[in-house]
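At position 104 of the sequence shown (counting the first as 1) the number is 106 in our numbering, and the numbers step up by one without a gap.
Just so you know, the hints here were simulated from the structure itself, not pulled from any lab data. Any given hint could turn out to be false.
Listed next, the in silico DSS-like pairs over lysine-lysine satisfying Cα-Cα at most 30 Å (straight line) [said to hold, decoys possible]:
#1 10 <-> 58
#2 59 <-> 84
#3 20 <-> 58
Simulated DEER-style distance windows between Cβ atoms [what the hints assert, rightly or not]:
#4 14 <-> 141: 49 to 57 Å
#5 145 <-> 122: 19 to 27 Å
#6 143 <-> 107: 34 to 42 Å
#7 118 <-> 12: 36 to 44 Å
#8 124 <-> 42: 42 to 50 Å
#9 138 <-> 23: 37 to 45 Å
#10 129 <-> 106: 19 to 27 Å
#11 145 <-> 120: 20 to 28 Å
Positions of the beta carbon are idealized from the N, C-alpha and C atoms, including for glycine.
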Amino acid sequence: MLLGLLEKNPSHGYELIKALGALSNGFYTPSPGMVYPALTYLEELGYATVEQEGAKKRYHLAEPGHAHLDGNRERLALMFNKLKHVARKMDWMRQAWSGQPRNVGPEGEDTATGWLPEFVAARQALKRALLDRTDASPAEQRRIAAILARATADITEQSCS
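My request is simple: use the sequences and hints to build the entire structure.
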């Protein structure tokens with residue numbers, strides 16, 4: 003993710019920490035103890051270069067870093083999508099905890115997240131159903147896996163159409 007952020011904009015470590023915090027709407031803000039060693043490692047791999055600016059370092063994406071990103075675009079997109087989802091979920095939860103009514107858009111969607119109430123309810127029902135079957139027999143697990151595979155294919159097919 004750090005490489006993905008550096009691709010957009012050369013940054014100081016602190017800026018990268020803040021960017022990840024902003025992307026997750028405050029849910030995940032990595033510590034300096036995680037980010038700075040990771041940046042050092044990226045520099046050692048040759049994926050990032052460092053420009054000294056007084057006491058600060060500005061990190062830039064190097065050509066090998068671009069190549070690494072190019073080989074991992076799908077994985078990077080998934081990680082950023084997960085972070086985006088967490089940010090939306092945090093908006094949803096903050097709204098729920100506030101006790102205030104949700105602001106609703108023209109199609110009934112929550113304006114903070116874009117989620118329809120029935121979408122949220124369906125996801126929650128699926129999670130509950132799976133938790134209720136956590137001790138399912140192998141045959142039942144296969145049946146559930148087949149259902150989920152069909153649902154995944156249907157969802158993916160509709161998304162691509």
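Here is what the structure says about each hint:
Taking the CA atoms of residue 10 and residue 58, the gap is about 19 Å. The hint holds against a cut of 30 Å. Pair hint residue 59 plus residue 84 holds up; C-alpha atoms about 29 Å apart against a cutoff of 30 Å. A hinted pair counts as satisfied when its Cα atoms are at most 30 Å apart, and residue 20 with residue 58 qualifies at roughly 16 Å. Against the hinted window of 49 to 57 Å, the Cβ-Cβ separation of residue 14 and residue 141 comes to about 55 Å, which satisfies the hint.
Our hint of 19 to 27 Å for residue 145 and residue 122 holds, since their Cβ atoms are close to 26 Å apart. Checked against the given bound of 34 to 42 Å, the beta carbons of residue 143 and residue 107, roughly 39 Å apart, stay inside it. Range check, residue 118 to residue 12: about 39 Å between beta-carbon atoms, so the 36 to 44 Å window is met. Taking 42 to 50 Å as the suggested C-beta distance range, the pair residue 124 and residue 42 conforms, at roughly 44 Å.
Separation of residue 138 from residue 23 is about 39 Å and conforms to the stated range, judged on CB atoms against 37 to 45 Å. Against the hinted window of 19 to 27 Å, the Cβ-Cβ separation of residue 129 and residue 106 comes to about 24 Å, which satisfies the hint. A hinted range of 20 to 28 Å holds for the C-beta pair residue 145 and residue 120, which are about 25 Å apart.
Violated hints are absent here; each numbered hint is respected by the structure.
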